[in-house]
Amino acid sequence: MTYDSIFSAAQEAFLFYKNVSGKEKAAFLETLAEILEAHRAEIVPLAVRESNLPEGRINGELGRTTGQIRLFANLVKEGSWVEATIDPADPNRSPLPKADIRRILTPLGPVVVFGASNFPLAFSTAGGDTISALASGCPVIYKAHPAHPETSQKVADCIHEAIVKSGLPSALFTHIEGGIAEGQALVKHHLAKAVAFTGSHVGGKALFDLANQREEPIPVYAEMGSVNPIFTFPKKLGNEVVPLAKAFIGSLTLGVGQFCTNPGLIFVPKEHAIAFENAIADELNDIASAPMLHPGIAQAYYDSIQYLQSREELRWVKVADPKHLINGSTALAEIKAKDWLSDAVFQKEVFGAFAMMVVYKSEDELLEIAKKLHGQLTITVWAEAEELQNQLFLLNLLEEKCGRLLFKGVPTGVEVGYAMQHGGPYPSTTAPNSTSVGAHAIKRFVRPIAFQDMPQELLPDALRDGNPLGIWRMVNGLMTK
Numbered sequence: 001m002t003y004d005s006i007f008s009a010a011q012e013a014f015l016f017y018k019n020v021s022g023k024e025k026a027a028f029l030e031t032l033a034e035i036l037e038a039h040r041a042e043i044v045p046l047a048v049r050e051s052n053l054p055e056g057r058i059n060g061e062l063g064r065t066t067g068q069i070r071l072f073a074n075l076v077k078e079g080s081w082v083e084a085t086i087d088p089a090d091p092n093r094s095p096l097p098k099a100d101i102r103r104i105l106t107p108l109g110p111v112v113v114f115g116a117s118n119f120p121l122a123f124s125t126a127g128g129d130t131i132s133a134l135a136s137g138c139p140v141i142y143k144a145h146p147a148h149p150e151t152s153q154k155v156a157d158c159i160h161e162a163i164v165k166s167g168l169p170s171a172l173f174t175h176i177e178g179g180i181a182e183g184q185a186l187v188k189h190h191l192a193k194a195v196a197f198t199g200s201h202v203g204g205k206a207l208f209d210l211a212n213q214r215e216e217p218i219p220v221y222a223e224m225g226s227v228n229p230i231f232t233f234p235k236k237l238g239n240e241v242v243p244l245a246k247a248f249i250g251s252l253t254l255g256v257g258q259f260c261t262n263p264g265l266i267f268v269p270k271e272h273a274i275a276f277e278n279a280i281a282d283e284l285n286d287i288a289s290a291p292m293l294h295p296g297i298a299q300a301y302y303d304s305i306q307y308l309q310s311r312e313e314l315r316w317v318k319v320a321d322p323k324h325l326i327n328g329s330t331a332l333a334e335i336k337a338k339d340w341l342s343d344a345v346f347q348k349e350v351f352g353a354f355a356m357m358v359v360y361k362s363e364d365e366l367l368e369i370a371k372k373l374h375g376q377l378t379i380t381v382w383a384e385a386e387e388l389q390n391q392l393f394l395l396n397l398l399e400e401k402c403g404r405l406l407f408k409g410v411p412t413g414v415e416v417g418y419a420m421q422h423g424g425p426y427p428s429t430t431a432p433n434s435t436s437v438g439a440h441a442i443k444r445f446v447r448p449i450a451f452q453d454m455p456q457e458l459l460p461d462a463l464r465d466g467n468p469l470g471i472w473r474m475v476n477g478l479m480t481k
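Note that the sequence shown ends on residue 481 in UniProt numbering; no numbers are left out.
Treat each hint with caution, since some may be false.
Okay, derived cross-link-like pairs now, BS3-like style, lysine-lysine, Cα gap no bigger than 30 Å in a straight line [unchecked claim]:
id : residue 1 : residue 2
1  : Lys372    : Lys236
2  : Lys236    : Lys348
3  : Lys270    : Lys361
4  : Lys205    : Lys401
5  : Lys236    : Lys318
6  : Lys336    : Lys236
7  : Lys408    : Lys338
8  : Lys401    : Lys338
9  : Lys270    : Lys401
10 : Lys348    : Lys371
11 : Lys77     : Lys23
12 : Lys408    : Lys246
13 : Lys270    : Lys246
14 : Lys371    : Lys408
15 : Lys348    : Lys336
16 : Lys372    : Lys348
17 : Lys235    : Lys361
18 : Lys481    : Lys23
19 : Lys338    : Lys371
20 : Lys371    : Lys246
21 : Lys323    : Lys348
22 : Lys408    : Lys348
23 : Lys318    : Lys336
24 : Lys154    : Lys23
25 : Lys372    : Lys408
26 : Lys18     : Lys443
27 : Lys361    : Lys236
28 : Lys154    : Lys165
29 : Lys23     : Lys165
30 : Lys77     : Lys18
31 : Lys318    : Lys371
32 : Lys348    : Lys318
33 : Lys205    : Lys371
Simulated from the structure, these hints should not be mistaken for lab results.
Starting from the given sequences, assemble the full structure and let the hints guide the process.
Printed below as a string of structure tokens:
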């Protein structure tokens, strides 16, 4: 099939599917979740073989995948997510009558989704981007990641099985393989209405630029990585140096460091730097290298490490060992805050189990760090309650630099729920007002439309008098059912 025929079929499916009720969309998604679980015994071994990830991790990821599918099924079944807003007419208003205006969110059209390398299930074929687009009412043209083609095709078969069982148009989902040229052709097609991407900054920025060079620019929701800094304060670190070191290293090395929320940067007060470094070193002794997702990612990791080793500002606590290239060996370097502030290269993400420990001397230095910090998916603050009371200005600065601000635990482990925000200011994403995880991800693929003085019988059910769907709506400025 040509791209023209693929997009034309998707557009035709869109014109039908956008009018399918929330309950019917929910039934389709629930059917898909059941089918994926029924094929677990086939999907898991494929994903293990193609990703080098252990069976337990893949089983958990499949559970996360079906869990987020059911989250969106519940969201569209309930229906209030469309933000129905009604300003009723007032013909007696003076000096001019007031029109009847009703507003709702409506789907955009065909969405291009790019699969991620580090999550062969949860951020891939039936992952959050695909499912949130389908839940919103948009068909998906999915570009498979070349690192796990068989897994992707198997999951695509499950999606088509769910489509057939639900009596929906087959062009609601199209699975495409290929490389950079194919991806660019998808983004440039005039019927594409949005793009979702999870991956490198280079890849995401290229797609963003391409989409904005079109005759009709379209939104690109690219999650492009983050170093997810942790800010530590003296009293907290002094009281809990060993457990905090253990938590940090556990998060850093989780999945061989191949998480977008991997903490690649930690700021440590000078008076506790030696104790924390020693505690970290003890933890690192127990960490064995393990295979990365594929040789290309491992090569990029060691290339980045090799460059950083040429920088005299860094003192290495542990140097990565590239002896077995596919294996990701943990690496840790220390740098003084004044040196870190001098060059933005020290903020660049190294995708893998590498972290930089930045030693600061004063709170003023910490404020300078916060001001120069790039946009992040997450920022974590480890401080005692009384320390936080004196850091409100710093916290306000950090709030401007991230999508999720943590005060306990570590940034790895992104809860799939209604309140989750997985996105952040550039360069962590191209769209800081959006999230790629959680219920609000659905709003990436819709736009608002208002109907003025539309006859009742033509209005969407969500906007009709009497509220036939029983959803929450804003009427005359008040939320009501």
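Hint check results:
About 24 Å separates the Cα atoms of Lys372 and Lys236, which keeps this hinted pair within 30 Å; it holds. Note on Lys236 and Lys348: the hinted pairing holds, with a Cα-Cα distance of about 27 Å set against a maximum of 30 Å. Taking the CA atoms of Lys270 and Lys361, the gap is about 5 Å. The hint holds against a cut of 30 Å. With a C-alpha separation of about 19 Å, the suggested pairing of Lys205 with Lys401 holds against the 30 Å cut-off.
Proposed proximity of Lys236 and Lys318 is supported: the alpha carbons are some 25 Å apart, at most 30 Å. As the CA atoms of Lys336 and Lys236 are separated by approximately 20 Å, the hinted pair is consistent with the 30 Å bound. Note on Lys408 and Lys338: the hinted pairing holds, with a Cα-Cα distance of about 27 Å set against a maximum of 30 Å. As the CA atoms of Lys401 and Lys338 are separated by approximately 20 Å, the hinted pair is consistent with the 30 Å bound.
For the given pair, Lys270 sits about 24 Å from Lys401 by alpha-carbon distance, which is consistent with the 30 Å threshold. Distance restraint check for Lys348 and Lys371: the Cα-Cα separation of roughly 16 Å lies within the 30 Å cut-off, and the hinted pair is therefore satisfied. Pair hint Lys77 plus Lys23 holds up; C-alpha atoms about 5 Å apart against a cutoff of 30 Å. With a C-alpha separation of about 14 Å, the suggested pairing of Lys408 with Lys246 holds against the 30 Å cut-off.
Restraint check for Lys270 and Lys246: satisfied, since their Cα atoms lie roughly 19 Å apart, inside the 30 Å limit. Restraint check for Lys371 and Lys408: satisfied, since their Cα atoms lie roughly 22 Å apart, inside the 30 Å limit. Our distance criterion of 30 Å between C-alpha atoms is met by Lys348 and Lys336, whose separation comes to about 16 Å. Among the hinted pairs, Lys372 with Lys348 is consistent with the structure: their alpha-carbon atoms are about 13 Å apart, no more than 30 Å.
Taken as a hint, the Lys235 and Lys361 pair is honoured in the structure, with Cα atoms around 14 Å apart against an allowance of 30 Å. Our distance criterion of 30 Å between C-alpha atoms is met by Lys481 and Lys23, whose separation comes to about 18 Å. Restraint check for Lys338 and Lys371: satisfied, since their Cα atoms lie roughly 13 Å apart, inside the 30 Å limit. Between Lys371 and Lys246 the alpha-carbon distance is near 28 Å, which keeps this suggested pair within the 30 Å criterion.
Between Lys323 and Lys348 the alpha-carbon distance is near 24 Å, which keeps this suggested pair within the 30 Å criterion. About 25 Å separates the Cα atoms of Lys408 and Lys348, which keeps this hinted pair within 30 Å; it holds. For a cut-off of 30 Å, the pair hint linking Lys318 to Lys336 stands: about 17 Å separates their Cα positions. Between Lys154 and Lys23 the CA atoms are separated by roughly 26 Å; this keeps the pair inside 30 Å, and the hint holds.
A hinted pair counts as satisfied when its Cα atoms are at most 30 Å apart, and Lys372 with Lys408 qualifies at roughly 24 Å. At roughly 14 Å between alpha-carbon atoms, Lys18 and Lys443 fall within 30 Å of each other, so this suggested pair holds. At roughly 16 Å between alpha-carbon atoms, Lys361 and Lys236 fall within 30 Å of each other, so this suggested pair holds. Distance check on the hinted pair: Lys154 and Lys165 sit about 17 Å apart at the alpha-carbon level, within 30 Å; holds.
Taking the CA atoms of Lys23 and Lys165, the gap is near 15 Å; set against the 30 Å cutoff, the hint holds. Taking the CA atoms of Lys77 and Lys18, the gap is near 14 Å; set against the 30 Å cutoff, the hint holds. Pair hint Lys318 plus Lys371 holds up; C-alpha atoms about 29 Å apart against a cutoff of 30 Å. Restraint check for Lys348 and Lys318: the C-alpha separation of about 19 Å stays at or below 30 Å, so the hint holds.
In summary, the hint linking Lys205 to Lys371 is supported, as the alpha carbons are separated by about 23 Å, within the 30 Å threshold.
The structure shown violates none of the earlier numbered hints.
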